[in-house]
Amino acid sequence: MGLNLPSADVEVLRELGRRKAEAAVHPDNINHAELWTRTNDLQMTKPPIFIDEICWHEFICDELALRSTHPFARKYEELLRRELYRWEHLRASMVISPFIECPMALRDSGFGIDEVVDTIAADESSDIVSRHFHILMENMDDITKIQDPIIVHDEEETRRNYEMLLHIFDGILPVKIVGAKGYWFTPWDNLIRVTGIEEAMINLIEEPEFINALVERFVDASIISMQRYNELGAWSSNNTNMRVGSGGYGYCSALAPVDFDNMRNVPAKELWGCGNAQIFSEVSPDMHWEFSIRHELRWIEQFGLSYYGCCEPLHHKLHILERIPNLRKVSMSPWAKLDEARELCKGRYVMSCKPSPATFVGDTLDEAEAVRAIRTILEQSKGCSIEIVMKDISTVGYHPEKLWRWAQIAQDVVNEFY
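Under the working numbering, think of the first position of the sequence shown as 1, with each following residue one higher.
The set of hints was computed from the structure by calculation and includes no laboratory data. Computed from a predicted structure; not experimentally measured. Cβ atoms here follow ideal geometry from the backbone N, Cα and C, with glycine treated the same way. Treat each hint with caution, since some may be false.
Computed Cβ-Cβ distance ranges for the label pairs, DEER-style [claimed, not checked]:
#1 E138 to N265: 39 to 47 Å
#2 D142 to D170: 50 to 58 Å
#3 P98 to A256: 33 to 41 Å
Straight-line Cα separation of at most 27 Å, DSSO-like style, residue types lysine-lysine; simulated pairs [as the list claims (entries may be wrong)]:
#4 K46 to K382
#5 K75 to K337
#6 K46 to K337
#7 K176 to K75
#8 K176 to K269
#9 K269 to K337
#10 K346 to K269
#11 K382 to K337
#12 K75 to K46
#13 K75 to K391
#14 K346 to K382
#15 K382 to K75
Could you build all of it, start to finish, from the sequences and the hints given here?
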């Protein structure tokens, strides 16, 4: 499909671009970037607040309604409208970039084995579903089904998109070609999709050699991906308003500053990496090391700094996480015991603290509970560098104003505490 956009589509994007350009020079952007930098440098003055993974299908309003018609225009219109909506209603410690990103047109073949899954949706308008994975890998012979990814760059598509964006935003915002700003690295998320969850957990005991070999193969294939990204010059810095791991922004002093004239071809040693095994919530520390982290290290060590964890509680596993030499942030999920993690994290790691999104399930926001939950985080993590990350917001009951109110409460409680 060509990129002959209707003039009306272009004007929609230009108006949104003007609003983005105005927001990008707001003093909050500088102040928030400094707040994130101090936190990630382990010199926090007060915790930054980040809101992400929003159930946008429940946000039905004129502000988010798309006006353009061409698929290319609609993609950028949606990105801009959501960014501006967050700026207006969910700003917290948000930073807006003073440019438009043109992603490199990268094609990734994946690992050559696609999940077969049955799903059940509670809300047909949502992409959040329950999943039952079919078993595709049962023994050592099946490991050969995992293939090395083939990654290519469609330079012509990147050029065409870039030129169109230059045309659209001419005189309003610069356009920057960007590559991959990090990589969501999680062998176990891939593994359970082809082995089944219960079967994989049982095989930690019954077939440990098979599970170790399977994880190792996923890591091998991921390393091939990394090498290809290096060859293509496809890494871009995430020392920016890019979330790292399952947490908040990556601003820090330990990595090279962003070269805004050339945002591609950044060495992995100047990026944040990440790892996790969120399915290991109830797996012992020793088994977490044996079947996950010791394998993941080959990937994580390639980066300058790293973030570890997602939904799995990690307060009782810090003694194995400290074997990750470049670790800087640790996920503290709603099930983590922050007071138990505090002493080991103090001066060493940022605690990426995550209040429970279950607070949005009811018809109204329980403001007293929201205050209590945030104050508990602040009290139990006192003396540490922390970030507060509200994520996994699968529902707000079609009442977005509950999330607006939570954002304001979080800021008020933090400002009062600090």
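Inset, instruction - Look at the Cβ atoms of P98 and A256 and judge whether their distance stays inside 33 to 41 Å. - result: Violated, since P98 and A256 (Cβ atoms, about 20 Å apart) do not stay within the stated range.
Legend entry - K346 paired with K269 [C-alpha distance capped at 27 Å]: 24 Å, holds
Legend entry - Restraint check for K75 with K337, where alpha carbons must lie at most 27 Å apart: This hinted pair is violated, its Cα atoms lying about 40 Å apart.
Inset, instruction - Mind checking the hinted window 39 to 47 Å against the Cβ distance between E138 and N265? - result: Holds, since E138 and N265 (Cβ atoms, about 42 Å apart) stay within the stated range.
Legend entry - Given pair status - K337, K46, alpha carbons within 27 Å: 20 Å, holds
Inset, instruction - Take the C-alpha atoms of K46 and K382, compute the straight-line distance between them, and say whether it is at most 27 Å. - result: 11 Å, holds
Legend entry - 27 Å limit on alpha-carbon distance, applied to hinted pair K346 and K382: Since the Cα atoms of K346 and K382 sit roughly 9 Å apart, the hinted pair holds (cutoff 27 Å).
Inset, instruction - Please work out if K269 and K337 have their alpha carbons no farther apart than 27 Å. - result: It is violated: about 32 Å lies between the C-alpha atoms, which goes past 27 Å.
Inset, instruction - For the pair we were handed, K75 and K391, check the Cα-Cα distance against 27 Å. - result: Since the Cα atoms of K75 and K391 sit roughly 23 Å apart, the hinted pair holds (cutoff 27 Å).
Legend entry - Pair hint outcome, K382 versus K75 [Cα-Cα no greater than 27 Å]: Violated. K382 to K75 sits at ~42 Å, over the 27 Å cutoff.
Legend entry - Pair hint outcome, K75 versus K46 [Cα-Cα no greater than 27 Å]: 35 Å, violated
Inset, instruction - Below or equal to 27 Å on CA atoms is what counts here, so check K382 against K337. - result: Judged against 27 Å, a Cα distance of about 13 Å means the pair holds.
Against the hints set out earlier in the document, violations occur for numbers 3, 5, 9, 12 and 15.
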